[in-house]
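Undergrad: Chain by chain, the residues run as shown.
Protein chains: 2
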Amino acid sequence: MSDLPSWRDTQARQAIVDFVQRTTTTGSPEFVAAGDRIAVFDNDGTLWSEQPLYFQFLFALDRVRALAAQHPEWKTIEPYKWVIDNDMKSLVAAGEKGLLPIIAATHAGVTTEQFTDIVRDWLADARHPVTRRRYDAMVFKPMQELMVFLRANGYGTWIVSGGGQEFLRAWVEATYGIPPQQVIGSYAGLKYVTGDRPSIMKTEQPELVDDHAGKPVGIQRFLGRRPVMAFGNSDGDFEMLEWTTTGEGPRFGALLHHTDGEREFAYDRASMVGKLDRGLDEAAQRGWVVIDMARDWETVYPEAT
Amino acid sequence: MSDLPSWRDTQARQAIVDFVQRTTTTGSPEFVAAGDRIAVFDNDGTLWSEQPLYFQFLFALDRVRALAAQHPEWKTIEPYKWVIDNDMKSLVAAGEKGLLPIIAATHAGVTTEQFTDIVRDWLADARHPVTRRRYDAMVFKPMQELMVFLRANGYGTWIVSGGGQEFLRAWVEATYGIPPQQVIGSYAGLKYVTGDRPSIMKTEQPELVDDHAGKPVGIQRFLGRRPVMAFGNSDGDFEMLEWTTTGEGPRFGALLHHTDGEREFAYDRASMVGKLDRGLDEAAQRGWVVIDMARDWETVYPEAT
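Sequence lines, in order, name chains H and Z. Quick note on the numbering used here: the first sequence kicks off at 148 and runs consecutively. Quick note on the numbering used here: the second sequence kicks off at 148 and runs consecutively.
Don't read these hints as lab results, they were simulated from the structure. Warning: the hint list may mix true and false statements.
[Unchecked claim] Some chain H residues judged to face chain Z by a derived CB distance under 10 Å, without partners named:
1. 256
2. 257
3. 259
4. 305
5. 328
6. 329
7. 355
8. 360
9. 361
10. 371
11. 372
What you are looking at is a predicted structure, and each value in this text was computed from that prediction instead of being measured. Beta carbons are placed, not taken as given, at the ideal position from N, Cα and C, and that holds for glycine.
Just need the whole structure built from these sequences, with the hints factored in.
TA: Structure below.
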């Protein structure tokens, strides 16, 4: 129990600990060489919360508000005016596609170094609308412990997220102990700008949407091999778990089921954010572990600081 | 001397050893934390030979010949017919652009796993037209030793090559000790194919040309930070060395100058392959070390096996 103190002693915890033991014990028929021990983690809803909206989207809305003074024209142009007017109804109705201009306006046209500073400054000041916590204090303590446990057993821990790669890199090393080169996320273009002080600009050119079938593609692009373990929480992670668990040899897939409306948020099949439907239907037949937050976790968030 | 036995005791070797010592000695004013110690290496002409043509291009020509029986139409279609007729003059005249169909026909439409097997089978059988060696026996022993030396001092070693990412991954772990997730190369699209046996197909869609300004872009995409050391040999590596050595703190850039027509090949400013011109002009003012193969290396290739 000492390894995973925020996990209750249930089947989910036992399945994880057993798998790690079987794959790391020399002479075990399921032994996996140290270099092949790779565990991948979705981020939104798997390592931190994602309600009422993906936190990166809340960042983009805050960023529009911060930049509004420099863009007086936004007061009359959709979708920006909805943000300035706090018209959440129109924003939600526009859907992800209708809000792409907001992502472009808040994520491109700056250097990667400038963007990192912007994200870090935002994280330091912003508070979640429901919990009033810092967003990076809404990470899941049991998952932080799990990553430490896996690394102690020779597993490399990687993020494979639909969120933006550079957005994640700005904070995940401090929060999860995952260095920038182990962060796979969605990304748009990059452009090298030479001169006295060379830099790399973020552009609007879409390149990888690291969700659904984009997740195995991102994994192959960055890792060049199938992971051994995969953790997700939504149908956007389905293909990542499928790709991982259909490889030869021992494989492990798990879905975090958000069942805890008291300590976090309860949602699954009908949720607009982090919908989990097909995954729940097929987990048993595919041998995937379903982690039930209310049942399996003693603690959800770290103590507030 | 024991660390780098294939290097002569010249300024180039001394500059490398001094830099590693300054950046890894606790308390040194130029100490670099272990997690930030990243060294990047070009491959063609830096870690293995590249004359008379990039070896991956020779692979593609061999592959056209191997597939010709399945493609009778190739006998009359350019550029394939030039390969089948061994018309090197027309092939060279067509240039890289004219030969793109050959790259597509030999690198796409197969799964990543199939492609890996194809490359490995080719490497096992193919011989270099001049030396009659296996291609992976034309790697530079001093550079292999250098990578071992750097890793022993906590440096991560990464490949940043204009060559194809999946082509490189098929053999660089065995040859250089560099795992697939530390290989940045040029790449086209990948497509996840689900079903009974999920796989990832290589497509023809161009995505990254990891050469010139594409190298800093590839580095940011995969590493998410500036390297501390960079090794190249051609003007295609210029931006990679520039990006690396214009970062704050201690930085190291080196260019391998192919001066040894007896033991390898001698070429620089006028070469079609691996042209080194601007790099030679600017190395001194930029503080880049020029490694002179004839002068600085005791050994070039490993002993033939």
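Undergrad: Sort out which numbered hints this structure fails and list those numbers smallest first.
TA: 1, 2
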